[in-house]
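Undergrad: Sequence:
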Amino acid sequence: MHKKDLITRIARWALQLEEFDYEIEHRAGSRMKHVDALSRYPVMIICNDTLTSKLKKAQEDDSIQTLKSLLEKQESEEFFERNGILSTNT
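Per the UniProt record's numbering, residue 1 is the first one in the sequence shown, and the count goes up by one each step.
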């Protein structure tokens with residue numbers, strides 16, 4: 001984000017805040033340790049089960065493998081295979 005974009009964004013916020021009756025009050029950082037700790041807490045999320053991995057696992061199913069081998073022998077109006085994934089025609 002560029003400084004110019006930041007200035008226009010702050011101006012828009014200021015215009016929106018003009019509609020409200022409020023008073024800005026300073027709070028010392030020593031009174032806000034809990035907020036500071038929450039905002040700085042590192043969160044690491046590891047997702048192994050993405051949609052793609054679930055699809056690949058499903059493709060290893062015996063019934064799916066049977067359908068794939070049938071598709072290799074003849075075409076089907078109900079099923080098709082694209083990029084190694086068996087799908088149905090809707």
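Note that these hints are calculated values from the structure, not bench results. Treat the hints with care, since some could be wrong.
[To be verified] Subject to a maximum C-alpha distance of 25 Å in a straight line, what follows is the list of computed BS3-like cross-link-like pairs (lysine-lysine):
no. : residue 1 : residue 2
1   : Lys68     : Lys56
2   : Lys68     : Lys57
3   : Lys33     : Lys54
4   : Lys73     : Lys57
[Stated by the list, open to error] Pairwise CB distance ranges, derived in the manner of DEER restraints:
no. : residue 1 : residue 2 : range
5   : Lys68     : Met44     : 54 to 62 Å
6   : Ile10     : Thr50     : 32 to 40 Å
7   : Glu60     : Phe80     : 46 to 54 Å
8   : Arg27     : Ile7      : 24 to 32 Å
9   : Ala11     : Ser53     : 41 to 49 Å
Cβ atoms here follow ideal geometry from the backbone N, Cα and C, with glycine treated the same way.
Undergrad: Evaluate each hint against the coordinates.
TA: Against the structure, the hints come out as follows:
1. Lys68 / Lys56: Given pair lysine 68, lysine 56 holds - Cα atoms ~13 Å apart, limit 25 Å.
2. Lys68 / Lys57: This hinted pair holds, its Cα atoms lying about 14 Å apart.
3. Lys33 / Lys54: The hint is violated at about 42 Å.
4. Lys73 / Lys57: 23 Å, holds
5. Lys68 / Met44: 54 to 62 Å: 38 Å, violated
6. Ile10 / Thr50: 32 to 40 Å: 38 Å, holds
7. Glu60 / Phe80: 46 to 54 Å: Violated, since glutamate 60 and phenylalanine 80 (Cβ atoms, about 19 Å apart) do not stay within the stated range.
8. Arg27 / Ile7: 24 to 32 Å: 26 Å, holds
9. Ala11 / Ser53: 41 to 49 Å: Between alanine 11 and serine 53, where Cβ atoms are some 45 Å apart, the hint holds.
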